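Chain B: place on chain A using the hints.
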Amino acid sequence: AQTVTQSQPEMSVQEAETVTLSCTYDTSENNYYLFWYKQPPSRQMILVIRQEAYKQQNATENRFSVNFQKAAKSFSLKISDSQLGDTAMYFCAFMKLQGGSEKLVFGKGTKLTVNP
Amino acid sequence: DAGITQSPRHKVTETGTPVTLRCHQTENHRYMYWYRQDPGHGLRLIHYSYGVKDTDKGEVSDGYSVSRSKTEDFLLTLESATSSQTSVYFCAIKATRVQGPGNTIYFGEGSWLTVV
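Top line first, the protein sequences correspond to chains A and B. When you read off a place in the first sequence, starting at 1, and then add 14, the result is the number in our numbering. When you read off a place in the second sequence, starting at 1, and then add 177, the result is the number in our numbering.
What the hints contain is simulated information worked out from the structure, not anything from laboratory work. Watch out, some of these pointers could steer you wrong.
[Stated by the list, open to error] No more than 25 Å apart at the CA atoms, straight line, and that leaves these computed lysine-lysine pairs for BS3-like: (1) B/K247 to B/K230; (2) A/K122 to B/K234; (3) A/K87 to A/K125; (4) A/K122 to A/K110; (5) A/K110 to B/K234; (6) A/K110 to A/K87; (7) A/K69 to A/K87; (8) A/K69 to A/K110; (9) A/K110 to B/K230.
A quick note: this is a predicted structure, and the numbers were derived from the prediction, not measured.
Looking at chain A on its own, in the form it has when it is part of the complex (with noise of 0.2 Å):
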């Protein structure tokens, strides 16, 4: 079975700064998905960022990158320029790709404090 681990309960930034969130994972397959999903208080779940395991360049949408090291099993997530509304939980999560049936295995966040 699949695993997804966040070592990092909590962290904090300060606004305008970078901020690095981390996640490895732990799998025998080739052919999966990775994402971040960033949960702020509303408790919505909102899609960041997305990896397919078979690129090998690194995903990124406006302020947000990853650094995908397929071989390290290692997906992190990078905030530039963080902002106040970057405050939120963020979630890894991992799909195996298997025929239509793919299900999301995530971590258990990190809970992320951008300071004004």
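Frame of chain A, contents of chain B only:
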């Protein structure tokens, strides 16, 4: 917005009573999921569906049943609610490449259930 509506959004119920949560989607998604979120556990899969009348168990399915009699609705039932089922429940869908980034899961806004 993946066109997902959960109801009820908040419910308080007594131990031993049956409870049904409804997930309604308007975009003809084939795959639908129910997750629960608890402190210290992240999100865990309860059940999922890969088509009308086609469902399967997730990692925490004990005490829950599901039904999908039509594409747009996926119902989660607690046959006899217990205090351990107090949680936030999220419905989700998997988008296809036609609907957006393929193999990406989007979430509803969540249903808060308290069992007293």
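Against the structure, the hints come out as follows:
1. Note on B/K247 and B/K230: the hinted pairing holds, with a Cα-Cα distance of about 8 Å set against a maximum of 25 Å.
2. For the proposed pair A/K122 and B/K234, the alpha carbon gap of about 21 Å is at most 25 Å, so the pair holds.
3. The suggested pairing of A/K87 with A/K125 holds, with an alpha-carbon distance near 22 Å, which does not exceed 25 Å.
4. Under the criterion of a C-alpha separation no larger than 25 Å, the hint pairing A/K122 with A/K110 is consistent with the structure, at around 18 Å.
5. Our distance criterion of 25 Å between C-alpha atoms is met by A/K110 and B/K234, whose separation comes to about 16 Å.
6. Distance hint between A/K110 and A/K87 is fulfilled; the C-alpha atoms sit about 14 Å from each other, no more than 25 Å.
7. Distance restraint check for A/K69 and A/K87: the Cα-Cα separation of roughly 14 Å lies within the 25 Å cut-off, and the hinted pair is therefore satisfied.
8. As the CA atoms of A/K69 and A/K110 are separated by approximately 15 Å, the hinted pair is consistent with the 25 Å bound.
9. Restraint check for A/K110 and B/K230: satisfied, since their Cα atoms lie roughly 23 Å apart, inside the 25 Å limit.
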